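Chains as they are written, first to last, in numbering that gives the first Met the number 0: chain A, 0 to 403; chain B, 0 to 403.
Quick caveat, the hints were computed from the structure, so don't treat them as lab data.
With a Cα cut of at most 27 angstroms, we get these calculated DSSO-like pairs of lysine-lysine:
1. LYS54(A) - LYS349(B)
2. LYS358(B) - LYS27(A)
3. LYS362(B) - LYS122(A)
4. LYS358(B) - LYS92(A)
5. LYS208(A) - LYS54(A)
6. LYS14(A) - LYS137(A)
7. LYS362(A) - LYS26(B)
8. LYS358(A) - LYS122(B)
9. LYS26(A) - LYS360(B)
10. LYS358(A) - LYS127(B)
11. LYS358(A) - LYS26(B)
12. LYS27(B) - LYS359(A)
13. LYS104(B) - LYS127(B)
14. LYS359(A) - LYS26(B)
15. LYS137(A) - LYS92(A)
16. LYS360(B) - LYS122(A)
17. LYS27(B) - LYS358(A)
18. LYS103(A) - LYS14(A)
19. LYS362(A) - LYS27(B)
20. LYS362(B) - LYS27(A)
21. LYS122(A) - LYS359(B)
22. LYS27(A) - LYS359(B)
23. LYS122(A) - LYS358(B)
24. LYS92(B) - LYS135(B)
25. LYS68(B) - LYS14(B)
26. LYS68(A) - LYS242(A)
27. LYS165(A) - LYS14(A)
28. LYS104(A) - LYS92(A)
These figures come from a predicted structure and were not determined experimentally.
There are 2 protein chains.
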Amino acid sequence: MSIKVAPEGTITSPKGFLAGATYIGLKKLGDEPLDLGILYSEAPCIAAGVFTANKVKAAPVLLCQRNLKGNNAQAIVINSGCANACTGEQGMKHAEQTAVQAAKKLGLSPQLVLVASTGVIGKQLPIKQVRDGIKKVKLSPDGGHTLAKAIMTTDTFPKEIAVHVKLGNGEQITIGGIAKGAGMIHPNMATLLCFLTTDAAISPVFLKKALKNAVDASFNMITVDGDTSTNDSAIILANGLAKNKLINSGSPGAERFEQALREVCLYLAKSIARDGEGATKLIQVTVEGALTLAQARSGARAIAGSSLVKSAVHGSDPNWGRIIAALGRSGIEMQETRVDLYLDNLCMMKAGQPLPLDKKKAKSILDRAGVPIRVCLNLGSASATAWGCDLSEEYVAINSEYTT
Amino acid sequence: MSIKVAPEGTITSPKGFLAGATYIGLKKLGDEPLDLGILYSEAPCIAAGVFTANKVKAAPVLLCQRNLKGNNAQAIVINSGCANACTGEQGMKHAEQTAVQAAKKLGLSPQLVLVASTGVIGKQLPIKQVRDGIKKVKLSPDGGHTLAKAIMTTDTFPKEIAVHVKLGNGEQITIGGIAKGAGMIHPNMATLLCFLTTDAAISPVFLKKALKNAVDASFNMITVDGDTSTNDSAIILANGLAKNKLINSGSPGAERFEQALREVCLYLAKSIARDGEGATKLIQVTVEGALTLAQARSGARAIAGSSLVKSAVHGSDPNWGRIIAALGRSGIEMQETRVDLYLDNLCMMKAGQPLPLDKKKAKSILDRAGVPIRVCLNLGSASATAWGCDLSEEYVAINSEYTT
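The following block holds chain A by itself, in its conformation from the complex:
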């Protein structure tokens, strides 16, 4: 296997990336409070991003989309506790001022600085605190862990990973990443901030395509609550310091790079689903035998996103009819009389007929920390997997007093 997970790996594991964070009072004061961080590459980077499909886009999203037109960036400023969304012209100015302040600190053109925010919508950023905070942030090559903590909102644990990838010819590159969830998570995409780094030398066109594909198979296949955020951003910076031969479409290392990037994104996406607000279980839904990949994905996401399925999994209630009902309302092609349904390897329905229910065995599967649901449509050969979490009383408790 040419992809190796780096123990303790994070976003600063690839060569030449530094990070750090500080506290400026945006989040409630907890233990070890952090709410403003910076990611910086010592060398100029090729950059690409994928952003929210919501028509209401936060100011930092608009700024990133503009600055990424040239496919270059060298730093990202990220704050949690305030989304800077629905903030009008003032919000846009604040995002720009944030980039300018960081550019001054780092000696960069402001066009090379990206900005990302997450938190409450409809509140203006306290720009003075942001500017002062940027001055205070200390960057270091092992600052990735700190940055992973600084971007958290209702997340209960930081999400970070790095992998080392052998490209052949003795070349090795590293990909690192951090992400945050944990509510307003739904394709496309999620209240999700994901930042990725690599020291690979890579073409901008290929990097953009690889990121899009990785996001489609990972972050766009998780759902926590059906709400798509105004701030979703997945951004990758590639600084080329690994000195490998440029990766391009069709080049020897291309496939390996894509696979590794997908693995990193999948790991982070599953961590987000597992850490969904109030979640106690990870639900994995695979739809097989669909006519197309798009249909397999739609079906899997509809099941993983059903409040009724999620509630039943929470209580380990083998109420499997809800799974079929969710599949049916997804609108994908299906014939009820061909559908098989499994909880792990326990068949609940075969060719549209209910089988006698082994309640005890079903319950034991539903009691697991990871609940595998599998639907075979028996129509075609496409398959896809989606991840979600159970719906608990805790989700409601968290979200009924988020701003109060």
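Given chain A's structure and the hints, the job is docking chain B onto it.
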């Protein structure tokens, strides 16, 4: 006003309709248990129905769609506690045997009997009990209340209404209806069974159109949890015993009939939203100034259906950014800089700019039993209203142990 709500009105308020119910052990034994009921008209009826958009349709839905091809029906057998969905060929036989048994009791052709079921999916109907139960049901002209109770599942109160309508020329007709929710409620349509009766003489084509329009403006505008059921059915029987001049498209009473039918459906739909599983508040979302009616409806439903909006309303948290985020992900045409947002008459956002938040006033609106949310898109002239309910811990508690 030519439409008058009948005090104590129900599905047997129109002339010539009888109903009754009994208990056959499908639901858990509570106080006054009822789970099998029959609606019957003394005279032959014109009939129409609207059914679930779910690709997985319960056996009774398929039977109704087949029997309604001739636009005639004279009785409906309804059970709660078992959906007879995902039950294969055996399930279809059970639905047919149910109709045959009722036809025998009532001296009708089985083609004139409709069947509806609600409850757990994937379990076979205990057909012997159903047959014995049908024999036991006593029909009476004031049996509507009993039938309204018999169709309930997790509903906490029966939903029933009747209105008297003056058509002009001294003619008066009556429309009655009953419905049940209360989970798996989402357009199109809901786990919703709705049965309507009228003594109006009416053409089948016009009746079908009037029912479709009324359902679109009512049951298709409520959402409880985003799940569309396998069993949704809204059925109307019209027996003509009011002896009015036949209502047809363009005839003098046509508009009045349509309006009255819509009022009946709106009343029942709002009752379902208010009684959503675990709900403590009714949320009313109006989207104004949309380019088209379809877009206004989509926007209103997306907001009413957002788990984050519903949770915030539950906790009276004025986290209004979630409303705009839900609107943005609905996919309808909008320009953020034109959008105004109101909680009742309190403006939260004007032309895309957040206004200073009067937390106390916002909270007092959110504390009401009915919470009015209004969005002005300022793009066109179409508007629509959707209804939903808050998301409470109780919803999860109900749905995590539904079958256990």
